[in-house]
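J.: The lines below spell out each chain.
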Amino acid sequence: MRFQLSKLSLGPAALAAILGLLPLAAFAEETPTLNSGDTAWMLTSTALVLFMTIPGLALFYGGLVRAKNVLSVLMQCFAITALVTVLWTLYGYSLAFSTTGMTTEVLNLNTFVGALDKVLFAGMTRESLTAAIPESVFATFQMTFAIITPALIVGAFAERMKFSALLWFMGIWFTIVYAPIAHMVWSGDGALMWDWGVLDFAGGTVVHINAGVAGLVAALVLGKRKGYPSTAMPPNNLGYTVIGASMLWVGWFGFNAGSAVAANESAGMAMLVTQIATATAALAWMFMEWLSHGKPSVLGIATGAVAGLVAITPASGTAGPLGALAIGAASGIVCFIASTKLKRALGYDDALDVFGVHAVGGIVGAILTGVFADASLGGAGLAEGMTIASQLWVQTKGVLFTIVYTAVLSFIILKVVDVVIGLRVTEEQETEGLDLALHDERGYIL
Amino acid sequence: MKLVSAIIKPFKLDDVREALGDIGVSGITVTEVKGFGRQKGHTELYRGAEYVVDFLPKIKVEIAVDDPLVDKVIEAVTSAARTGKIGDGKIFVFDLLQVIRIRTGETGSDAL
Chain A
1 MRFQLSKLSL GPAALAAILG LLPLAAFAEE TPTLNSGDTA WMLTSTALVL FMTIPGLALF
61 YGGLVRAKNV LSVLMQCFAI TALVTVLWTL YGYSLAFSTT GMTTEVLNLN TFVGALDKVL
121 FAGMTRESLT AAIPESVFAT FQMTFAIITP ALIVGAFAER MKFSALLWFM GIWFTIVYAP
181 IAHMVWSGDG ALMWDWGVLD FAGGTVVHIN AGVAGLVAAL VLGKRKGYPS TAMPPNNLGY
241 TVIGASMLWV GWFGFNAGSA VAANESAGMA MLVTQIATAT AALAWMFMEW LSHGKPSVLG
301 IATGAVAGLV AITPASGTAG PLGALAIGAA SGIVCFIAST KLKRALGYDD ALDVFGVHAV
361 GGIVGAILTG VFADASLGGA GLAEGMTIAS QLWVQTKGVL FTIVYTAVLS FIILKVVDVV
421 IGLRVTEEQE TEGLDLALHD ERGYIL
Chain B
1001 MKLVSAIIKP FKLDDVREAL GDIGVSGITV TEVKGFGRQK GHTELYRGAE YVVDFLPKIK
1061 VEIAVDDPLV DKVIEAVTSA ARTGKIGDGK IFVFDLLQVI RIRTGETGSD AL
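From first to last, the protein sequence lines are chains A and B. Note that my numbering has the first sequence beginning at 1, numbered continuously upward. Note that my numbering has the second sequence beginning at 1001, numbered continuously upward.
Zero decoy hints are in this set.
Just some of the chain A residues that point at chain B, by a computed CB distance under 10 Å:
| hint | residue |
| --- | --- |
| 1 | ALA232 |
| 2 | MET233 |
| 3 | ARG344 |
| 4 | LEU352 |
Here are the simulated DSS-like cross-link-like pairs (lysine-lysine), alpha carbons at most 30 Å apart as the crow flies:
| hint | chain 1 | residue 1 | chain 2 | residue 2 |
| --- | --- | --- | --- | --- |
| 5 | A | LYS68 | B | LYS1060 |
| 6 | B | LYS1009 | B | LYS1072 |
| 7 | B | LYS1040 | A | LYS68 |
| 8 | A | LYS226 | B | LYS1040 |
| 9 | A | LYS68 | B | LYS1009 |
| 10 | A | LYS397 | A | LYS415 |
Source of the hints: derived by calculation from the structure; they are not laboratory data. Note that CB positions come from ideal geometry on N, CA and C, so glycine has one too.
Please put together the full structure from these sequences, using the hints given.
T.: Listed below in structure tokens is the structure:
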């Protein structure tokens, strides 16, 4: 029954982990075999998700900062990609996906974080399978999620963080925030939020709420950019931003449909709802802006698309087309208000709206996942014994836990790094621009 | 001799150059500049952050001419650069003390 739930609605990434990593009695007689169709799709998805970070997200963010900081953002995304890859290999995969020591409903250390038995991919051979794909492909696919999550945070403190502090923060954050949250949501029976029954198909909590809240905390701890909000800080190249947003949109098919860890009916529906929600959110943001400011903007429609992608992420395995329309519209409107009105009203300097788009969009999506998973609303159906109300409560619990966990730990990491090496560049460096001050390079030599 | 300095809308540059050629002006200097007058700037809006951009891109055309030609130059620039809308620009006229052609060392009107 629990398996039924997993198959239908819980992140199949996690299901795969169970199938591959836990020789459950129920499946002991079934020898898993490699499915080349699934494998081909997952190889493709992995490349698509990496493509979301470099160059997709790097360009999306790179175009939004001022000309003197364009390289610093590209550099941060690129360096995080490399750093997380190495950390994932060393111990990250084990912390996130080791299932050793986990038993359903039993609280122990492994409820929260994986054991160290898969350090350096120990025990993984060329033949190891996760579900019906090579474990090497599964591990690489999950690695690309671990890469994009910290990279998303970059937008919140853009244009003012020291590069060395960024590397320290990201390395530690990946280790004690990302890996445990991924473990708690996706690693299978015996993991905290998995046992609660939280539905998060492709990373609404693990990726977007996690990164968005960490971003807000980072923006608050680092403080505002010099001159914000009185000085004009116009984007240096919105063309880059639109290209980056478009790459994110395309790459997201790997992110969401790939989270089925198979080329199956779940992947197919994930692809469709991803497209619908994204388009709806793009239009919703555009019309909101048109109504409130008089003109529809390019940055607005592109940002709306990203908000829709974020919001449909947790729901992409359970919602149907109707749910996608609703989730898309809700995220476009709510994220617009959060990024343009709320941010102004509260005065924090989340430079590129990581909180307004990723945390808020992730929360909207995670909550509505509980509604639109219901079969009466075109969804894949709730687990037996679950009602929309009880699933909503489970989703809310997952959201709240993730917010508190990431906020508290992100704050502590930032404070420690600040005390030891300092988080911010000097005022002089900030004025000069991070490209020249930190990297001795300029993005534009005209 | 006079130096006529005209601030015009960028898209009017070709018209102005042509009009000056027609009345026999043999050389001009063009600079891309920014500024504002009564037109003021414009606003830009990025995710709710509204910026007033004070300085608009303009073109500065400088023409050194002999006194008899000054009025014709002013008239040529005025008629070529005018759209009738706010922001068409201004023309400043200065006395020009000396002109030297570097190649030959000629001075005054001969150097124009």
